[in-house]
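K.L.:
Letter by letter, the chains look like this.
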Amino acid sequence: MKNFIKNTQIIRTNDPEMLSLIKKDSGYKEVSEKDYKDAINFKSSIDTIYTKEKKNNELDNYL
Amino acid sequence: MDQDKVYYPEIIETYALPETVVEEETSSTNYVGKTNLVPTTQVDKKFPPRNFARETISETLNTRTKKILGEFTFGQVGAIAIGVYENGVSGDIRITPNGITARDINGNATFSIDGNTGDAVFKGTVTAGSVISGSIISGSVISGEIYLGGANNGDGLLVVRDALDNDIVILDKDGITINNGKIELNTSGSTTIIDSLGLISGSNFPFAQITSSDTGDNNDTTNYADVTDMTVDVTVARTQQILVMARFAGGEIEGTLTTVPYAQAVFRLVAGSTQLGNTVSISSIIHDSGTSVSYALGEASINQIVTLPAGTTTIKLQFKSSISGQTVRVVPSRCELIYFKMGS
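Residue numbers (numbering that gives the first Met the number 0), protein chains in the order written: chain A, 0 to 62; chain B, 0 to 343.
Don't read these hints as lab results, they were simulated from the structure.
One or more hints might be untrue.
What the hints assert, rightly or not - Using 27 angstroms as the maximum straight-line C-alpha spacing, the simulated DSS-like pairs for lysine-lysine come out as follows:
no. : chain 1 : residue 1 : chain 2 : residue 2
1   : B       : Lys315    : A       : Lys36
2   : A       : Lys23     : B       : Lys319
3   : A       : Lys36     : A       : Lys51
4   : A       : Lys36     : A       : Lys1
5   : A       : Lys22     : A       : Lys5
6   : A       : Lys1      : A       : Lys51
7   : A       : Lys5      : B       : Lys319
8   : A       : Lys22     : B       : Lys315
9   : A       : Lys5      : A       : Lys33
10  : A       : Lys51     : A       : Lys33
11  : A       : Lys1      : A       : Lys33
12  : A       : Lys36     : A       : Lys22
13  : A       : Lys28     : B       : Lys319
14  : A       : Lys23     : A       : Lys36
15  : B       : Lys315    : A       : Lys1
16  : A       : Lys22     : A       : Lys51
17  : A       : Lys22     : A       : Lys33
18  : A       : Lys5      : A       : Lys42
19  : A       : Lys5      : B       : Lys315
20  : A       : Lys23     : A       : Lys33
Said to hold, decoys possible - Cβ pair distances, simulated, as ranges:
no. : chain 1 : residue 1 : chain 2 : residue 2 : range
21  : A       : Lys23     : B       : Ser137    : 50 to 58 angstroms
22  : A       : Lys23     : B       : Ile169    : 18 to 26 angstroms
23  : A       : Lys23     : B       : Asn178    : 31 to 39 angstroms
Each residue gets a CB set at the ideal place from its N, CA and C atoms; glycine is no exception.
Kindly generate the complete structure, drawing on both the sequences and the hints.
P.N.:
Right under this line is the structure:
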């Protein structure tokens, strides 16, 4: 089970074919289970989560 | 002209037989009127030496070449013992009218064939190109391939019994029957169990849940527009049924105020270019804040089971305005599109 965000879209899936399609689309960003729940319950906006994940990725790449 | 054959007499010469005792002729003298018999005398005549046959060569047996050339039959108690059993040193094989037995150097029977019943027991591995059997009773059977039934053999049947002789698994031409048992499928990290109560699986069927919160604008009452971010490509390896669900909950319809005091949006699901089921209309309730007008949104859903062909099919949620001249923008608190593959 994996969670992704893209624009206003939040996707939760375990479908291998879907995951394969998502992998080819660089617009999707995988998010944690907590971020997924925050987004789905409007506790955090997708933009906020997207920005946070982007920073995390940049930090990971830097490290 | 043929010449006449000339036949000669066969001459048989006289040979003395070996070790033949030559009797001396009795002599008689003064035989005129009186017979004077003199006994024969044999002084220190030795018995002929005993000869032992070292080899036997006949039409049925040749001991020189160590070959049996003809058929032999055991007497009622006839037997052959090959080797001499000596504990820890050597085993033996015995062949009798009752069967054949073999022992290893520890005295354990390694194989036996019962000449009366035909039963055979082998301690080791029996390897055969093929086995034709009425029935097999075995502690274990290891084989590359096992065929049950077929031409000239009737319908195949495989029965697994428990220790109480109850038939638990029956495999025959009609399929698999399991009595008080189950089918358990194990893969890495996942187990699926099918029994008389149903199916339990740690491996969920593939699904995807797409959530969005904005439809975008559309003022067209004829042509549908795609709901923003509510398009998904679904791929199946073979023709397969999937459950597709769309749901809109809460939120509001924003729109230009027209002559009618309400707003209405129409939604539909499409797979490829085919609409799935019926459309649903969401009506609104007027909400006038004094500075703007919005229309509170109700809740609706579309649920469809659709058969997809092998390959990728685009499923999307679309909407349009149902009121002429009115632009609708649905902003639900939650807009969901879910597909669930009914199998994998």
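K.L.:
Now tell me, hint by hint, if it's right for this structure.
P.N.:
Here is what the structure says about each hint:
no.	hint	verdict
1	B:Lys315 - A:Lys36	24 angstroms, holds
2	A:Lys23 - B:Lys319	31 angstroms, violated
3	A:Lys36 - A:Lys51	15 angstroms, holds
4	A:Lys36 - A:Lys1	12 angstroms, holds
5	A:Lys22 - A:Lys5	12 angstroms, holds
6	A:Lys1 - A:Lys51	18 angstroms, holds
7	A:Lys5 - B:Lys319	24 angstroms, holds
8	A:Lys22 - B:Lys315	20 angstroms, holds
9	A:Lys5 - A:Lys33	16 angstroms, holds
10	A:Lys51 - A:Lys33	13 angstroms, holds
11	A:Lys1 - A:Lys33	12 angstroms, holds
12	A:Lys36 - A:Lys22	21 angstroms, holds
13	A:Lys28 - B:Lys319	30 angstroms, violated
14	A:Lys23 - A:Lys36	24 angstroms, holds
15	B:Lys315 - A:Lys1	21 angstroms, holds
16	A:Lys22 - A:Lys51	20 angstroms, holds
17	A:Lys22 - A:Lys33	21 angstroms, holds
18	A:Lys5 - A:Lys42	17 angstroms, holds
19	A:Lys5 - B:Lys315	16 angstroms, holds
20	A:Lys23 - A:Lys33	24 angstroms, holds
21	A:Lys23 - B:Ser137: 50 to 58 angstroms	54 angstroms, holds
22	A:Lys23 - B:Ile169: 18 to 26 angstroms	48 angstroms, violated
23	A:Lys23 - B:Asn178: 31 to 39 angstroms	49 angstroms, violated
Hint violations for this structure: numbers 2, 13, 22 and 23, all remaining hints satisfied.
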